[in-house]
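Asker: So the sequences go chain by chain: A and B. Under the numbering used here, think of the first position of the first sequence as 1, with each following residue one higher. Under the numbering used here, think of the first position of the second sequence as 1, with each following residue one higher.
Don't take every hint at face value.
Claimed, not checked - No farther apart than 27 Å at their CA atoms in a straight line, the calculated lysine-lysine pairs in the DSSO-like style are these:
id	chain 1	residue 1	chain 2	residue 2
1	B	Lys167	B	Lys28
2	A	Lys145	B	Lys93
3	B	Lys203	B	Lys28
4	B	Lys167	A	Lys142
If you're looking for bench data, these hints aren't it; they were derived computationally from the structure.
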Amino acid sequence: MKSILPIFRCLNSLERNVEKCKIFTSSDLCKVVIQFFCRHGIRRTHNVCFQESQPLQVIFEKNMCSNMLIIQPRVLAEAVVLFTSSQEEVTLAVTPLSVCLKSSSDEPMDLTSSVYSEMFVGPDEFDFFQIGADTEITFCFKELKGMLTFSEATHAPIAIHFDFPGKPMALSIDDMLLEANFILATLADEPSRASSPPSLCLSQKQKRSDLMCSTNNNSKTGKNATSKAPGCILRKAAPKRLYPNETQTDIPALENCGSPIMKRVNEDISEVPESSVSNTEEGPGSSYLRQFSCVFFGAVSSDQRQHFNYPFDSLATASDSEEDMNNGSSSTF
Amino acid sequence: MKFRAKIMDAACLNHFTWVSAMIAKLAKTCTLRISPQKLNFILSDKVANGGVSMWCELEQENFFSEFQVEGVSAENKAISLELMLENLSQALKTAWNARALKIKLTNKHSPCLTVSIELLSVSSSSRIVTYDIPVKVIPRKLWKDLQEPTVPVSDVSIYLPVLKTMKSIVEKMKNISNHLIIEANLSGELNLKIETELATHFKDLGNPPSASEDASQDRDPEQMAEVHVDIQKLLQFLAGQQVNPTKAVCNIVSNKTVHFDLLHEDVSLQYFIPAFS
């Protein structure tokens, strides 16, 4: 984004001078060309080089979440101001009667710890309030702040979809012009939670094709800015799991953090968003989770083969696997 | 040990926020002493503070509509807490539009000052914000360090010029030298000098009537009493004074200490800077 931003920087001068803007890619030269056709016959061309990569795709059905809140960004912004910027995580605690946003740390505080803050927001401040059960989810504060800044610019209400701790949550903005979904991981509570993800994931896989279709529809309605930015992913610097016959899929360790299923596409991925969620201490629970994730991984990959024939399922391809060459599924969108 | 207090008035709340912001500029950590009549912010002259000490006092009834404090035992009616002022100041700043503010001492996982603010939000439903500021309770055996400092017998006492002016001058001087000389006499003249012969002279400041009659009578009104101080410490003090105080007095003990005694409406602040050694 850093190369694109300066091109569109002076909004005023753009509005005054530019009559038409043309954006196209030239794949043989690996360039995105942005051309401004300005007044007086002036034509300004910017060539931005790109590198092919395939982003992580998230499988997450936000409409299946039992809890949903819709709130104006301004209200959330007021809450966010209360927390000091050194807070890494923030907890959202909901009951059918109230919503509380609080800083999340239970350790005994010494003088230099940051202040514990909490704010209660009444249900009447929300545009939509649906709470299935009392829940507390903890997620990355920095991601929330970033997303808030974005939504304040669009003036659209934010919808928060979430379930139980450990299951990912979605912050979405649905405007006339764009739909944005930020999927964040939430901190899992106890090891016993580990049992729920597999069924969740498998059923989500079936829904995945629906999700992809809905994305397609959006792109047809003109300006599409569907961004599925995987927000907060806890990645352990673990060696990649290599499964020689199958796709190289790297599921991040489910270590004290429930994460959405990520299908890692290629080793050449430029960056994976690193989260600032700190690893809490490794207890006996985490090794349990780790063992668990290996078993689960096996179950998923056997199903995956069926999806290889779908053109869109170019998600999990290993660059050196013969199988994928034969499939002909390539990483084009 | 118990402490609960409530502020209901917006003006009082603003004033208290202002006081805590001012103290936060003067020290990072300090001791808050809560007694039935008064609140004190104390910085004692330890080496860690660079020898600087501070004593700020305010009458609780000028701020709080409800105030209740109980010490450890019946005769010790005070509580002394150590806290980071920035935390308190930040918490109070959110309260600028609050309907009510409650402070109490709690012990959740560790002792905290819980500040509970009732905000009136835009949609006119009230919102409750709570902060838990970590504090350290200071045991009674260390209370001897927290006594009100005795005002030293000074050689010269003089009223200060407008503090903002003083601050901008000292700020320019700090680029040239590490320490400066404050000198004053009983004819209302105050000079700020640094060694490369750069000096600023203030005249006609006036001298307060001195406490010890005989000492001042012997003194030649033109004779300057001087003290060398670290510029940074002086600057830190001046930077905390955004508003010009109702009364500002500077007491100089030659080559020992300079003592600033300020009164901001109903809040008194005393600040001691030792001589440069």
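Asker: Take the hints in turn and mark each one as holding or not.
Answerer: Right, here's what the structure says about each hint:
{"no.": "1", "hint": "B/Lys167 with B/Lys28", "verdict": "holds (20 Å)"}
{"no.": "2", "hint": "A/Lys145 with B/Lys93", "verdict": "holds (20 Å)"}
{"no.": "3", "hint": "B/Lys203 with B/Lys28", "verdict": "violated (34 Å)"}
{"no.": "4", "hint": "B/Lys167 with A/Lys142", "verdict": "violated (38 Å)"}
Consistency with the previously given hints fails for numbers 3 and 4, ordered from lowest to highest.
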